[in-house]
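Required output: the full structure, derived from the provided sequences and hints.
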Amino acid sequence: MTQTLKALGQLAVLWLVYWCCDWFVTFTGLPVPATVLGVIVLFLLLVSGIVKLHHVQDAADLLLKHLVFFFIPVAVGLMEWGGVFYEHGLILLAAILVSTIVPVIAVGLATQRMQRRRG
Amino acid sequence: MAPHLGQGGTTLLCIAITVPAYILVRSLYLRYKHPLLNVVALGAAVIITALVVLGIPYKDYVPAKDIMTVLLGPATVGLAVPLYRYRQLLTRNGAAILGSVALGSFLAMMLAAFLTKLGGLPSEVVMSILPKSVSIPFAVEIAKIYHGVPPLAAAFVVATGTTGSLLGGWLLNLARVSDPMARGLAFGTVSHGQGTATALMEGEQQGAMAGLAMILSGIFTAGFAPIVVWLLEFVPAI
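Chains A and B supply the protein sequences, listed in that same order.
Quick note: the first sequence uses the numbering used here, first residue 1, plus one each step.
Quick note: the second sequence uses the numbering used here, first residue 1001, plus one each step.
Think of the hints as simulated: they come from the structure by calculation, not from any bench.
A portion of the hints provided could be inaccurate.
BS3-like, lysine-lysine: derived pairs with alpha carbons at most 25 Å apart [unchecked claim]:
hint, chain 1, residue 1, chain 2, residue 2
1, A, K65, B, K1033
2, A, K6, A, K65
3, A, K6, A, K52
4, B, K1065, A, K65
5, A, K65, A, K52
Rendered as structure tokens:
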């Protein structure tokens, strides 16, 4: 019971940070996602010690464990765009595949090489 | 089939399809741990099939989607927690992280725009695919500046996120990238939040680095966009 209450309290902290950032972004019209700003703000709050890990970590760990879940309904939205993908299918498929495959490998290898060199 | 349920019933049905699909696909992934058993791609495929079979159009799925993604914002903010736990990694590898993510962001944008322009697609499609590797709000703003179509830009973001999540782990295995930091950065640079969620399923360090890469690639993409748009002028359309 206390565990649940604690997790809910922590969720409220995460929500508050997100909500403030969302409000700030809407208010200023800044072309930055509220979530991205939220990660930066919470990180700075943790570094400065204003928010401690035990204020947020149980709720954060639980939500992150299931973060993929939230993207499933988002990906279902692709069914709306079948037409565009059908019309320009081959080129779009090639463009998306090549521009995904090359950078994934480039970033992976570049980071790994630079790390090994520091050794 | 669905019409007699009304919107409330349809929404409940959509949730009743999505949650078990997630549980099923997740347990499959956890049992076999194969990177191609991607939870987002496979889950969405199962649900789209079910919706088509039941005759439920996407617009009737939207209310269910809105309910189920209400925690996405706070959950993403929670990425600060693993990032904070691995903060020493950031200070020690700052240059490698910035360099790799900058390279990846530039390549992702350049290759997508170059190929679609070369393929003769209309300019508004080219400008909509340009920011496909960053989170939707970033992508929509960048697409708008260059006269792309925001909903199409959002669709490309989701398509890239799904492709990168699906192929990323397998590609990194092929290229023998085993370092968790390198794997996480690759996922986050190319496939934003979806890639980050996938990286988290591999491990916490991968997830922390993917979250960081997601933020950085959003900033780099916005910064590089004018350069890529300028370079595109030299690309002929076939």
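Each hint, compared with the structure:
This hinted pair checks out: K65 of chain A and K1033 of chain B have alpha carbons roughly 15 Å apart, not beyond 25 Å. A hinted pair counts as satisfied when its Cα atoms are at most 25 Å apart, and K6 of chain A with K65 of chain A qualifies at roughly 18 Å. For the given pair, K6 of chain A sits about 14 Å from K52 of chain A by alpha-carbon distance, which is consistent with the 25 Å threshold. At most 25 Å may separate the alpha-carbon atoms for a hinted pair to count; K1065 of chain B and K65 of chain A meet this at roughly 19 Å.
As the CA atoms of K65 of chain A and K52 of chain A are separated by approximately 20 Å, the hinted pair is consistent with the 25 Å bound.
Consistency with the previously given hints is maintained throughout, with no hint failing.
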